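Q: Model the full assembly from the supplied sequences, consistent with the hints where possible.
For reference, the chains in residue letters:
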Amino acid sequence: MIRVALAGLLGRKLRTALTAFAVVLGVAMVSGTLVLTDSIDKAFNFIFTDVRKGSDVVVSGKSPFHITEGQGTFAPTIPQSLIAKVRALPDVALADGGVKSEATQLVDRNNKAIVFGGAPNLGFSIENGDSPFNPLKLVSGAWPHGNQIVIDESVAKKKHFAVGDTIGVQAEGPVQRLRISGIVKFGSAQSLGGATLAGFDLPTSQQLFGKNGRIDEIAVAAKPTVTDQQVLKEVRAILPPTAQVRLGSAQAREDAKQTNSFISFLRGFLLAFGGIALFVGSFVIANSLSITIAQRTRELATLRTLGASRRQVLTSIVIEALVMGTLASVTGLLAGLGLAKGLFKLFDAVGFTLPNSGIVFGTSTIVIALVAGIVVTLVASLRPALRATRVPPIAAVREGATLPESRFARFRTVGSGLTTLLGFASLAFGLFGPHLGTKGVLVYMGLGALLIFIGVALLSVRLIKPLAWTLGWPATRIGGAAGGLARDNARRNPQRTASTAAALMIGLALVTLVAVLAAGITTSFRGAVTKIWKNADYAITAQNNFTPIPPASANAAAKDPSVEAVGNVRTGDAGAYGKAFFATAVNPPAGTMFTLDWVQGSDRTMAELGADGAFTDKDYAKKHNLTIGSPIKLTFANGKQKTFKIKGIFDPPPGGSPFGKVTISQATWDRYNESPRNLYSFVRVRGGETPQNLRRLETVLAPYPNAKVATRQKFVDNQISGLNSILNILYVLLALSVIVSVFGIVNTLVLTVFERTREIGMLRAIGMTRRQVRRMIRHESVITALIGGVLGIVLGIVLGGLLVARVDFIQFSLPLVSLIIFALLTIVVGILAAIFPARRAARLNVLEALQYE
Amino acid sequence: MFTHGEPTSEVCSLGHMNSNGNVVSATEVTRRYGEGEAAVDALRGVSLEVKLGELVAVMGPSGSGKSTLMHLLAALDKPTGGTVTIAGQDVGSLSDSDVTKLRREHIGFVFQFFNLLPMLNAEENIRLPLSIAGEKPEPEFFENLLKRVGLTDRRTHRPAELSGGQQQRVAIARALVSQPTVVFADEPTGNLDSKTGGEILELLRASAEELNQTMVMVTHDANAATIADRVLFLADGVIVEDLPRSSAGDIVAAMTRVSA
Ligand SMILES: Nc1ncnc2c1ncn2[C@@H]1O[C@H](COP(=O)(O)OP(=O)(O)OP(=O)(O)O)[C@@H](O)[C@H]1O
Ligand SMILES: [Mg+2]
Numbered sequence: 000m001i002r003v004a005l006a007g008l009l010g011r012k013l014r015t016a017l018t019a020f021a022v023v024l025g026v027a028m029v030s031g032t033l034v035l036t037d038s039i040d041k042a043f044n045f046i047f048t049d050v051r052k053g054s055d056v057v058v059s060g061k062s063p064f065h066i067t068e069g070q071g072t073f074a075p076t077i078p079q080s081l082i083a084k085v086r087a088l089p090d091v092a093l094a095d096g097g098v099k100s101e102a103t104q105l106v107d108r109n110n111k112a113i114v115f116g117g118a119p120n121l122g123f124s125i126e127n128g129d130s131p132f133n134p135l136k137l138v139s140g141a142w143p144h145g146n147q148i149v150i151d152e153s154v155a156k157k158k159h160f161a162v163g164d165t166i167g168v169q170a171e172g173p174v175q176r177l178r179i180s181g182i183v184k185f186g187s188a189q190s191l192g193g194a195t196l197a198g199f200d201l202p203t204s205q206q207l208f209g210k211n212g213r214i215d216e217i218a219v220a221a222k223p224t225v226t227d228q229q230v231l232k233e234v235r236a237i238l239p240p241t242a243q244v245r246l247g248s249a250q251a252r253e254d255a256k257q258t259n260s261f262i263s264f265l266r267g268f269l270l271a272f273g274g275i276a277l278f279v280g281s282f283v284i285a286n287s288l289s290i291t292i293a294q295r296t297r298e299l300a301t302l303r304t305l306g307a308s309r310r311q312v313l314t315s316i317v318i319e320a321l322v323m324g325t326l327a328s329v330t331g332l333l334a335g336l337g338l339a340k341g342l343f344k345l346f347d348a349v350g351f352t353l354p355n356s357g358i359v360f361g362t363s364t365i366v367i368a369l370v371a372g373i374v375v376t377l378v379a380s381l382r383p384a385l386r387a388t389r390v391p392p393i394a395a396v397r398e399g400a401t402l403p404e405s406r407f408a409r410f411r412t413v414g415s416g417l418t419t420l421l422g423f424a425s426l427a428f429g430l431f432g433p434h435l436g437t438k439g440v441l442v443y444m445g446l447g448a449l450l451i452f453i454g455v456a457l458l459s460v461r462l463i464k465p466l467a468w469t470l471g472w473p474a475t476r477i478g479g480a481a482g483g484l485a486r487d488n489a490r491r492n493p494q495r496t497a498s499t500a501a502a503l504m505i506g507l508a509l510v511t512l513v514a515v516l517a518a519g520i521t522t523s524f525r526g527a528v529t530k531i532w533k534n535a536d537y538a539i540t541a542q543n544n545f546t547p548i549p550p551a552s553a554n555a556a557a558k559d560p561s562v563e564a565v566g567n568v569r570t571g572d573a574g575a576y577g578k579a580f581f582a583t584a585v586n587p588p589a590g591t592m593f594t595l596d597w598v599q600g601s602d603r604t605m606a607e608l609g610a611d612g613a614f615t616d617k618d619y620a621k622k623h624n625l626t627i628g629s630p631i632k633l634t635f636a637n638g639k640q641k642t643f644k645i646k647g648i649f650d651p652p653p654g655g656s657p658f659g660k661v662t663i664s665q666a667t668w669d670r671y672n673e674s675p676r677n678l679y680s681f682v683r684v685r686g687g688e689t690p691q692n693l694r695r696l697e698t699v700l701a702p703y704p705n706a707k708v709a710t711r712q713k714f715v716d717n718q719i720s721g722l723n724s725i726l727n728i729l730y731v732l733l734a735l736s737v738i739v740s741v742f743g744i745v746n747t748l749v750l751t752v753f754e755r756t757r758e759i760g761m762l763r764a765i766g767m768t769r770r771q772v773r774r775m776i777r778h779e780s781v782i783t784a785l786i787g788g789v790l791g792i793v794l795g796i797v798l799g800g801l802l803v804a805r806v807d808f809i810q811f812s813l814p815l816v817s818l819i820i821f822a823l824l825t826i827v828v829g830i831l832a833a834i835f836p837a838r839r840a841a842r843l844n845v846l847e848a849l850q851y852e
Numbered sequence: 000m001f002t003h004g005e006p007t008s009e010v011c012s013l014g015h016m017n018s019n020g021n022v023v024s025a026t027e028v029t030r031r032y033g034e035g036e037a038a039v040d041a042l043r044g045v046s047l048e049v050k051l052g053e054l055v056a057v058m059g060p061s062g063s064g065k066s067t068l069m070h071l072l073a074a075l076d077k078p079t080g081g082t083v084t085i086a087g088q089d090v091g092s093l094s095d096s097d098v099t100k101l102r103r104e105h106i107g108f109v110f111q112f113f114n115l116l117p118m119l120n121a122e123e124n125i126r127l128p129l130s131i132a133g134e135k136p137e138p139e140f141f142e143n144l145l146k147r148v149g150l151t152d153r154r155t156h157r158p159a160e161l162s163g164g165q166q167q168r169v170a171i172a173r174a175l176v177s178q179p180t181v182v183f184a185d186e187p188t189g190n191l192d193s194k195t196g197g198e199i200l201e202l203l204r205a206s207a208e209e210l211n212q213t214m215v216m217v218t219h220d221a222n223a224a225t226i227a228d229r230v231l232f233l234a235d236g237v238i239v240e241d242l243p244r245s246s247a248g249d250i251v252a253a254m255t256r257v258s259a
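Chains as they are written, first to last, in numbering that gives the first Met the number 0: chain X, 0 to 852; chain W, 0 to 259.
I should point out that these hints are in silico values taken from the structure, not numbers from a laboratory. Hints are not guaranteed to be accurate.
A few chain W residues facing chain X, derived, Cβ under 7 angstroms [as the list claims (entries may be wrong)]:
#1 LEU75
#2 ARG102
#3 ARG103
#4 PHE108
#5 GLN111
#6 ASN114
#7 MET118
#8 SER130
#9 ILE131
#10 PRO136
#11 PRO138
#12 GLY197
Here the structure is a predicted model, which means the values were calculated and not measured. Even for Gly, the Cβ is constructed at its ideal location relative to N, Cα and C.
A: Rendered as structure tokens:
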């Protein structure tokens, strides 16, 4: 029996290959993801351990909560005088203090900020180039002193800077020109992602970062005779309450925390798409196997008459699937290596460069990818295999015998209806159920979507005839007799058409879902900006639109005589009720620029917060029973606490507001945050929004290349463009499952052409041209694709609607243009899928086709 | 090629015949399958002419080349040597699309295994050759055709709902619907019981006579051959006998001679 199974595979090489390809892609995505994330993980690990390599212990500013990097808040600094005290300790061999800044913007010769995607612009002090604490290697030149800077190799290469050139640097203040004393690189990582590096001596960095007399960290090396623990204890004893000390390794772990959670998010995110592709692939496999088994009814029956048991039939088919699944998984696993490289490039292309220090191909990758591929193939083969066992021996002698109906056939409609309902129930529970947590929500939603897809795929058998009739109508108009036959063929075997279309349906449902969400977010965001942004002409943001920037640029704008007022929104982490959250602060002019819906208080509240006033949004107020006059104790990143009084409660519009859970006055905020950051600043100008005013503001901001000015329209567009990048990534990733389903269509068509060889021969004999044959196959393909497309788009809108209903800050909005594009793409998919099968059909030799048995 | 343009149109105006009144003709036709050692010469120099309105039966032992000959005469295949002329056109010189056009306009087929499209009903199956050509049958002609094949009350039935004989009637009507120059039938009764087969033969004969339809039919059945105006016997790829209309007895006698 095993020999029969293997011979079967060999005898149907093309079909096997096409079927297997559906698995290959899914497995490639899984293995590609694992390779990618393992590689990034390794690259970051190198960086983080490198940075702390020479440090036995590290002293740093202590913050009461974990600070989200790049969000506007930082751990407090420590006094520089502490260095001397640490050095004086008996067991300390060496100690150096340093400062750093995530906003060290390098500026090119055209006064343009050098940015690669949204990656940070790292700046730090290098006390002594030869010190063991310095993770950098000199590629050329020398370590920096005074008005000098070292920059990293990749910036030097990409922007053509060499030792001796001057380069602009902008940190807390305006741009300064410094001489490049050297080019450096990290010891191990080939690429740092899009991050740029800039190193200075300590005094220069302190001046640039606005940290005169202060430092961020002290790196300590212990004397060789003592343990790290001992030094740790010694150092801890002399620390002020605002500082803490950790082992070098512990500090490296701490440094890596946020990156690690980003990597595991990325891994889960990409794996989800691999999973979707595999899920779609399982439809393709199940369908292809069903068709081949139906075509082999006679052969299987003959085996039965020759004495093969049902079990043997089952085994032979399962073995066939197993062999195919294994081959496909191995191919996919290897393809994943290539895909990982492709993903690096993809992220690079959308401005999201990932660090890279060589590809990692781990054992876990091999195991997970192979197991996933093989299991999916086996599970998908189960139903067709079971059906094959029900082929009665008598079918061997019957002309045109078909597979017997499944024993459960009469329950199919009820069963698939129930599956669909259960799916929606699970989805609804995930969305609206109480206290599930992110993981729970995702699990229930994922399970729900899975069941819905399976249920609708099964239910769609009932819809095929009317759908194919309707969607095939244009074919009969355009394609003449060939189009008419195509429509009839699409309706001929509803089960087959349904399964083929279902694979495409899943991809399109998800694409539509994404488009619906994006349209909802975009529309709501536009609405919110229109509503909130009342009395301002321009916004100042970071070049990348979202990173919080030092306030220097906004301050410079405020000093210009043409500017009436600048309203800032400061941003960062703060804590209350034992939890850290995103907080904001505004200055009085902001109160004259925004309009909010106030439950209590008014727009003037924003201007009248004073030293201890705060306002909050409706939900937060409700959660903590806050009302006008309620006290709220805020904890700041520097560990200090202060009690505020609630002066207003607002109701944010559906698109959200620029404000965090709690907003206080800018003056107070700045007292507790050493390096405050503006999320946005809004500018009101004499004469309003005019081209001259825009140019003038741009001139004023010229020394601050990290900032840019935007009109309201431009501001909205900029913000949305970020969303579009994400959207494009999602589309590319979902395209993978669409490609899998294209293979499904190709496969079905090839099998169908094979099955209808005689019919095609007859049609050719009675005068059908090759063109007409191709047209017939093409139209059938397009009709099948359109069925999948229409079902998918409708399902996507429903799912999107449900999601939008759950999320308060998104309003439902139908992305009509996108949907039309998707429908057109579906047609393209149908046409592409038909190319190969149609060509095969047209090439059939009429004579051979007629004699074909 | 172009210089032949004129005579071709002249030929057409003569009612699909060449100047001798032949609808189909073959001159020294050979057909070799495969190459080298394994090559099989299915036809080894066959010449014949089929006249307008003639019903020709082709007989011979299995493997003698009957089907091969018919495929060549029907422009389904091209000869290795010699020429086949259908309605005045030399098949060997035509491209695939021209051959398709030739089949569309001049040739009808009746197959042993009916070869109907399962998803179309009887009427749609019959109409198929015209639909493919983008044409519609003349209503009166079509009704008469349906009546002739006796399917007037079965017109909306699918093949699966028709008996073998009825299916073959659909196939015959399909072959006749485009009023082709010549109809080819390869063992049209080979898949039917003898009574139904007889009815089908009668239908073919009547159609040939009443519509003056030229037909070439391959058969193993001596009784079937009795309806023919002419019976050709093939053996080993050559024509060995060419009888005029004969009785079943004469045909059987010829068959035994040929097989010997
Ligand atoms: N495609 C092919 N390839 C190789 N040889 C072929 C092919 N078709 C036919 N032949 C050979 O050519 C010879 C004639 O075949 P053909 O089918 O014309 O015979 P036939 O008279 O129709 O026989 P039957 O009565 O059994 O149908 C046979 O020897 C056959 O084996
Ligand atoms: Mg034959």
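Q: Could you run down the list of hints and mark each one as holding or not?
A: Going through the hints against the structure:
1. LEU75: holds (5 angstroms)
2. ARG102: holds (5 angstroms)
3. ARG103: Where the cut-off is 7 angstroms and the nearest Cβ of chain X is about 3 angstroms from ARG103/W, the hint holds.
4. PHE108: At 5 angstroms from the nearest chain X Cβ, PHE108/W passes the 7 angstroms test, so the hint holds.
5. GLN111: violated (10 angstroms)
6. ASN114: holds (4 angstroms)
7. MET118: With a closest approach of 4 angstroms, the MET118/W hint holds.
8. SER130: With a minimum Cβ separation of about 4 angstroms from chain X (threshold 7 angstroms), the hint on SER130/W holds.
9. ILE131: holds (5 angstroms)
10. PRO136: violated (13 angstroms)
11. PRO138: Violated, about 18 angstroms.
12. GLY197: Hint on GLY197/W: violated, closest Cβ of chain X at ~22 angstroms, above 7 angstroms.
The earlier numbered hints that this structure contradicts are 5, 10, 11, 12.
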